[in-house]
Amino acid sequence: MSRAKLQELGINLPLFPTTSVGSFPKPDYLVKARADFAKKLISREELTQKERQATEFWIRKQEELGIDVLVDGEMYRGDMVAYFAEHLPGFELGGLVRSYGNRYYHKPIITEEVRWEQPITVDWWKYAQGLTSKPVKGMLTGPYTVMDWSFNEHYASRRETCLALAKVIRREVEALVQAGAKIIQIDEPATSVRPEELQIAIEGLRIATEGLPAYFITHICYGAFEHIYPEMLNMPVENFDLEMSNSGLDMLALFRKSPFTKDLSFGVVDVHSHVIEAEALVEQRLRDGLSVLPKENIWVDPDCGLKTRSVEEAIEKMRTLVKVAHALRN
Amino acid sequence: MNLTTINHSSYPRIGDDPGQQVLRRTIAEWEKGAKSDADLRAAEERLSELALAEQIEAGLDVVTDGQVRWYDSISHLAGKLSGVRINGLLRFFDTNTYFRQPVVNARVERTRPLALDDFLFAKVKSSRPVKVVLTGPVTLARHSIEENGGAGGFEKLVEGYTEALAAEIAALAQAGAILVQIDEPSLLKNPEDLVIAGRALAVLVAAKGKAEILLALYFGDAAPLYDQLQNLPVDSLGLDFTYSPRLGEVISASGSAKTLALGFVDGRNTKLEDAGAVARQIETLARRLNATRLYLTSSCGLEYLPRDRARLKLRRLAAIKNEFLGGRT
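Taken in sequence, the protein lines are chains A and B.
Counting in my numbering, the first sequence runs without a single skipped number right up to 330 at its last residue.
Counting in my numbering, the second sequence runs without a single skipped number right up to 329 at its last residue.
Just so you know, not all the hints are guaranteed correct.
Simulated crosslink set (DSS-like; lysine-lysine; CA at most 27 Å straight-line) [stated by the list, open to error]:
no., chain 1, residue 1, chain 2, residue 2
1, A, K32, B, K35
2, A, K167, B, K35
3, A, K134, A, K307
Rather than coming from a laboratory, the hints here were simulated on the basis of the structure.
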């Protein structure tokens with residue numbers, strides 16, 4: 001583990017630190033409040049009050065479960081790209097496009113130079129961190145993913161778009177660091193989609209993070225890792241948060257061929273299944289990981305954000321992984 | 001030189017107006033048991049009619065039914081075949097959209113029409129010729145997995161899908177289809193499949209009757225494969241120009257024995273093309289090819305765009321054609 005960097009930052013974590021990828025399910029009262037706000041039935045202040053209530057619920061729940069590195073649960077976000085697009089001048093919120101089947105989302109459109117005018121996530125990070133003495137991760141979406149999941153009517157190329165967004169996202173990283181965030185996760189789930197563009201993603205993350213005093217994590221999921229490994233290890237982060245369980249731990253075969261040289265937030269529960277995994281299964285997954293990776297390098301978390309599960313399922317999945325991590329730790 | 005504007009394939013099945021959301025609402029209620037199969041069919045037909053009307057209003061020469069009934073490009077067809085069950089979600093190429101993966105556990109067989117009913121509906125509702133779009137056998141096989149021996153391996157699986165699609169094409173031709181598009185985006189990602197694709201396409205072409213078979217390739221750079229694509233036994237070839245800065249030069253240098261469908265309009269980005277600039281590109285290409293006929297289309301289906309932008313792209317296709325014809329009409 002990059003213990004030295006964490007210790008420099010004043011963070012001491014146990015073996016097998018537990019965390020989660022970012023999002024938790026929104027409680028029913030918040031789902032209703034968001035719908036009411038969209039229909040203009042309640043004010044922004046009333047919605048924010050519910051978002052704060054739900055954030056506090058998840059901070060308390062994570063503490064109760066014994067999680068080591070907390071997240072705010074993203075109670076105030078809808079889509080992971082659209083949220084940032086809504087807060088950055090230069091974007092327009094486009095019309096609905098299909099994600100799959102009967103699911104649709106508003107895909108942002110870059111219509112002019114994207115600018116950072118003020119912090120987007122910092123107040124939420126401060127609020128969440130103010131509720132706990134445990135470290136809370138700063139949570140951002142990376143420049144490559146924001147580029148790939150937006151339409152572009154302004155910049156000349158995908159690379160130019162990504163690098164321009166990287167400069168914007170760096171301002172948010174700086175603001176989080178200034179506020180006191182020591183662990184910052186920058187999600188890049190689109191990274192593995194066009195292997196030939198991996199260097200652009202790396203360049204973007206470098207611009208966003210270089211020289212800044214924080215322990216950086218990136219989350220990548222549901223892609224063709226075989227096409228970008230081991231080159232992806234050149235991403236300038238200390239920790240890769242990877243979906244391992246959904247893909248049957250097949251990444252481990254890649255790690256056997258070419259050693260994984262960073263810390264790994266090891267996804268031990270599948271977020272697309274209602275089934276709460278048995279502790280024995282989760283333990284076996286971690287033991288399989290330990291056959292390839294040094295124990296000091298492993299963090300324990302779910303495959304991906306838990307927002308698509310029910311509140312109860314999310315809690316039980318987290319409870320299971322914490323129990324297994326604690327047992328192995330001891 | 002005849003330039004025909006053709007809708008590529010899919011069209012958004014939702015829009016921001018409430019009337020354009022009838023299918024989403026109906027499917028959601030149908031899934032809960034609150035709407036009947038007849039309600040669902042009516043909503044699909046309503047959206048298909050809307051898609052046809054918008055294409056015709058935009059001035060396209062050849063339209064599609066918008067594929068508004070399709071869950072995705074893979075499971076919609078594969079799921080209608082025996083020997084296949086439909087499994088979980090996977091990412092579709094480099095798009096941020098997902099398809100459900102077919103799991104093949106026996107020989108695949110066509111036991112009912114795949115696209116025939118949709119074609120017959122569109123044909124009645126459209127004042128313009130209707131193109132039928134089918135996902136090709138290699139792309140279907142590349143996106144399937146086999147279990148319990150499945151179809152007997154990849155080549156057998158391609159053969160099974162090919163036979164099923166050939167029967168569909170025969171039925172479509174008999175019903176009056178004049179243009180059938182076979183989508184094979186996987187060939188650009190897996191060029192090693194070109195030989196098996198050639199055999200499969202020969203079977204499909206043998207079933208076409210009087211219909212024309214257009215092979216559509218997208219989501220990748222066709223330039224390195226262009227000469228091999230010219231050897232495939234199809235009547236016409238549709239190409240995505242958004243991935244290929246060299247494609248125009250390659251085509252100019254090699255020529256074309258087939259009618260080309262030029263995917264100059266980006267189906268994945270909202271930015272509208274400069275109609276004059278594209279018209280000049282077509283003029284240059286037409287001159288070098290000495291072509292008598294070309295198709296103009298988008299790089300891929302338009303369902304990746306919001307509806308308002310997709311509609312503008314359709315109009316842009318017509319505008320490019322007008323620019324191209326400027327001075328000639």
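query: Are the Cα atoms of A:K167 and B:K35 separated by 27 Å or less?
result: 49 Å, violated
task: Quickly compare the C-alpha distance for A:K32 and B:K35 to 27 Å and report which way the hint goes.
output: 24 Å, holds
- prompt: Holds or violated: are the alpha carbons of A:K134 and A:K307 at most 27 Å from each other?
  reply: 22 Å, holds
Consistency with the previously given hints fails for number 2 only.
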